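Here is what each chain is made of, one letter per residue.
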Amino acid sequence: MMDEIDEDIRVALRRAGITIPDDRYAAMREAYLGYRALTRCLHEPLPYAVEPAALYLPERNPEA
Amino acid sequence: MTATKDIPTLAEASRAIAAGALSPIDLVDAALARVEEHDPDLFAFITLTADRARAAAAVADREIRAGRRIGPLHGIPFGLKDLYDVAGVRTTAHSHVLVDNVAKADSDATERLERAGMILLGKLATHEFALGAPNNELPFPCARNPWNTDHFAGGSSSGSGVAVAAGMLPLAMGTDTGGSVRLPAAYCGIVGLKPTYGRLSRRGIVPLSQSLDHAGPLTRTVEDCAMAMAVLAGHDKLDPSSASVPVSDYVAALGQGVAGKRIGYARAFNAEALIEPEEVAALEAALAVFERLGAEIVDVTLPSLEHLGAVMWSICSAEQFAIHQQDLRAHPHKYARVTRERLMIGAFVTGAEVAQAQRLRRVMTARIDAVLSGCDAILCAPIPAAAPALKDVDDGPWRKAQPITSGFNVSGHPGLCIPAGFAANGLPLSLQLVGKLFDEATLMAIGHAYEIEAGWHLKRPLQS
Numbered sequence: 000m001m002d003e004i005d006e007d008i009r010v011a012l013r014r015a016g017i018t019i020p021d022d023r024y025a026a027m028r029e030a031y032l033g034y035r036a037l038t039r040c041l042h043e044p045l046p047y048a049v050e051p052a053a054l055y056l057p058e059r060n061p062e063a
Numbered sequence: 000m001t002a003t004k005d006i007p008t009l010a011e012a013s014r015a016i017a018a019g020a021l022s023p024i025d026l027v028d029a030a031l032a033r034v035e036e037h038d039p040d041l042f043a044f045i046t047l048t049a050d051r052a053r054a055a056a057a058v059a060d061r062e063i064r065a066g067r068r069i070g071p072l073h074g075i076p077f078g079l080k081d082l083y084d085v086a087g088v089r090t091t092a093h094s095h096v097l098v099d100n101v102a103k104a105d106s107d108a109t110e111r112l113e114r115a116g117m118i119l120l121g122k123l124a125t126h127e128f129a130l131g132a133p134n135n136e137l138p139f140p141c142a143r144n145p146w147n148t149d150h151f152a153g154g155s156s157s158g159s160g161v162a163v164a165a166g167m168l169p170l171a172m173g174t175d176t177g178g179s180v181r182l183p184a185a186y187c188g189i190v191g192l193k194p195t196y197g198r199l200s201r202r203g204i205v206p207l208s209q210s211l212d213h214a215g216p217l218t219r220t221v222e223d224c225a226m227a228m229a230v231l232a233g234h235d236k237l238d239p240s241s242a243s244v245p246v247s248d249y250v251a252a253l254g255q256g257v258a259g260k261r262i263g264y265a266r267a268f269n270a271e272a273l274i275e276p277e278e279v280a281a282l283e284a285a286l287a288v289f290e291r292l293g294a295e296i297v298d299v300t301l302p303s304l305e306h307l308g309a310v311m312w313s314i315c316s317a318e319q320f321a322i323h324q325q326d327l328r329a330h331p332h333k334y335a336r337v338t339r340e341r342l343m344i345g346a347f348v349t350g351a352e353v354a355q356a357q358r359l360r361r362v363m364t365a366r367i368d369a370v371l372s373g374c375d376a377i378l379c380a381p382i383p384a385a386a387p388a389l390k391d392v393d394d395g396p397w398r399k400a401q402p403i404t405s406g407f408n409v410s411g412h413p414g415l416c417i418p419a420g421f422a423a424n425g426l427p428l429s430l431q432l433v434g435k436l437f438d439e440a441t442l443m444a445i446g447h448a449y450e451i452e453a454g455w456h457l458k459r460p461l462q463s
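Protein chains in written order, with numbering that gives the first Met the number 0: chain A, 0 to 63; chain B, 0 to 463.
No wet-lab data here; the hints were simulated from the structure.
Source: prediction; values computed, not measured.
Don't take each hint at face value.
Unchecked claim - Here chain B is said to cover these stretches of chain A; the calculated rule only asks that three of the stretch's residues, wherever they fall, bring their Cβ under 8 Å from a Cβ of chain B:
| id | segment |
| --- | --- |
| 1 | 8 to 16 |
| 2 | 19 to 26 |
| 3 | 40 to 50 |
Even glycine gets a Cβ: it sits at the ideal position worked out from N, Cα and C.
For reference, chain B alone in the conformation it holds in the complex:
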């Protein structure tokens, strides 16, 4: 087999297609060749929709040649975490429970991306029901980190992170209940956005915890993230949690830059989260980049991880147990041990705890809003260190360290992860920018300015 190359980013592919230098047929073939070369080691895909993709590419090619290009994403492939429905294609949630589940209708994201002319290449690995951890009890293998396959790819949108990082896809959709877009983005060295709660519809996505679940894109660059959000964002009247809030021109807003912006640095939050020195150094190097670009840095104080964690895990445990209780009673053996045990924690939650957590949730959200009234974005760590070895990933029912990203699922604020350097072992480090509710435009503008100046996104895994 000939060694393949990364397929282009969304922006690169879009420009090349517009110029007539690249056809959707060649692009889809290149993506499939990349998958064929690397997926046997990385296991990003659960279902590859190759025939469907080739047919769609032929149609897109004809349309574009005939002068009927729909928009900048026309003819470019994408992937979906295997929680998103596509009519006629199975949605397994990476679980024996849903292994034969064929969707009857498209998710909102599927509809929007295909309406923009994008081409589905396949459905991607996840932790079981977006909850478990890597294990060998599942119907499909778990995705592997392309920087080092002995290391964790992050989760739960692991296949989405791996497929984008490995250059198989320029865009993959994930979901984020406690960090599941941002963590694989951070561990795989790419960009991941958890938008504001309500910004993207969750219609047609297998839920984990309804008041904490967010849909979000994973891409190689912030510019690509903005291009995807331009298509994905908007009110969906069929999803009661979807917000009727005007959508900004995210791509145009990238040019805002960061000069004159105030970046709040959550130093104490990072200390409380026991961030390791390499990740702290990466964040402090990022602060220097922001200052060089003309931003003002201010120290900010976030609510304690203890309070955010209490709210997060009481609500999440209760909501996920409510969803899975019948299956847990009827056929618990269909879940992997780690998933089953984490779901069962919901049986320990009391009604009073959930009621009190909902009250505290509003208090925490107001405190984060207050912090953001004094700055344009908060900089904090999404991960304590680079990706751990797979053998060290905690697969107990109660994780000894909960994801530090989850506080912004509690509050609903948007969080953007961007590559921020590399650890001594060669694995990626990452930073997280958190923005005002529904102000993803400013968040991406700040992230884009950093990304261009720092240039970490240019270092890629699997380069032959």
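With the rest of the complex left out, here is chain A:
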């Protein structure tokens, strides 16, 4: 039976336009769960003032 995780994976793959062979589904499901676990902290609250730009601005000239 399809659970919530399988449904999330199905939707993500459909939106991306890619498919996973049946024999690799279990490994990709594990990868999905690994990614979700690693990035859990990205869903924690981050106050507006902590970093207001939301842009990656690498240091261009520290002497300027």
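Starting from the structure of chain A, add chain B where the hints point.
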């Protein structure tokens, strides 16, 4: 076949050519002979440009004899990871997807090295698109570690690490998105530098993740690394990520030494990364060397691997999927299974995660900057242990342990890997020094002082 020897380092070759004791023709022939002897077992090269190299060596020989030596690298061979473009030569990214792709123009690195008089010997093996893992589905074999061919050479700049470690080349260029210059350097027992983001142009290099990709050199010594960086560094107006920052005299700066410098030791970072006792012992022995040389050691605390990893793998997964999505839809079978599956993880990333990761990225970078305001360099482990056996390399879509080098791709700080001893099984160990943004000069000066004192770079594989 006569047994060959390591070809000289950049510094040794440069001095010998300047003194008239070595000709570019003899040097290129020696490099090709070394490749002929060892590459059938090591698979460092995808494309050997032997005719082009011999022709360039003949020209360099004439020029130098006529008193028109361009500079210290004139007449010395180099190699490029097969992601770097060379006009008229194929760039395959070690993939069936690009196996017939012939470049129309040179990469910035190709231009700079050839303008300095260096001679391209060939294009080098990589993990497919700088992402996959060793496997048998690719159009070319995967590179093997010259210290023990049953062990991992590191990646993704595997051919670059192997060719330099095996004494086929004194300099090979790699790319580093999560550690791909530093890891093969560490596992093969050589020097690898991931410079500051923006320090080296990425123009003409097949991208993996644009905001994390760095170009970088692999060499046998830190002195050679400085000589290469003297040519490679500089603003490229055709690469929007290239920084317009003055370039230091890296070779002259090597003489700074380490006396009076502060080295921050990231003890907790190493503990969080589950570094094995042999690698910890190598780092602590290095601390003793730094203290003996007059450095002060201070404990420092880096951002957690959990936060750095979350930022790294959300951004990297999204950017690499964006690059490969059309090919993944049109002909997924052209990728090896491991590459295809790792790319597909990008389909799971949400927009909110990438936006939040970019914010956290700035926070993490500021924290590392704050650490470096209190010391000249950070010492930490680049690898948890010596190279694993090839049969034990994780080729699943989600790696159980992510590379611990990747935090400095997130922050953009320069990282330098240097040989730091040997494990009980005879394979190299390594240390990583991380420096202030755009201060590669200090980083290499500290590394050079350690290297000379420790002497690990003098032990070589494949000595007959």
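Which numbered hints fail
none
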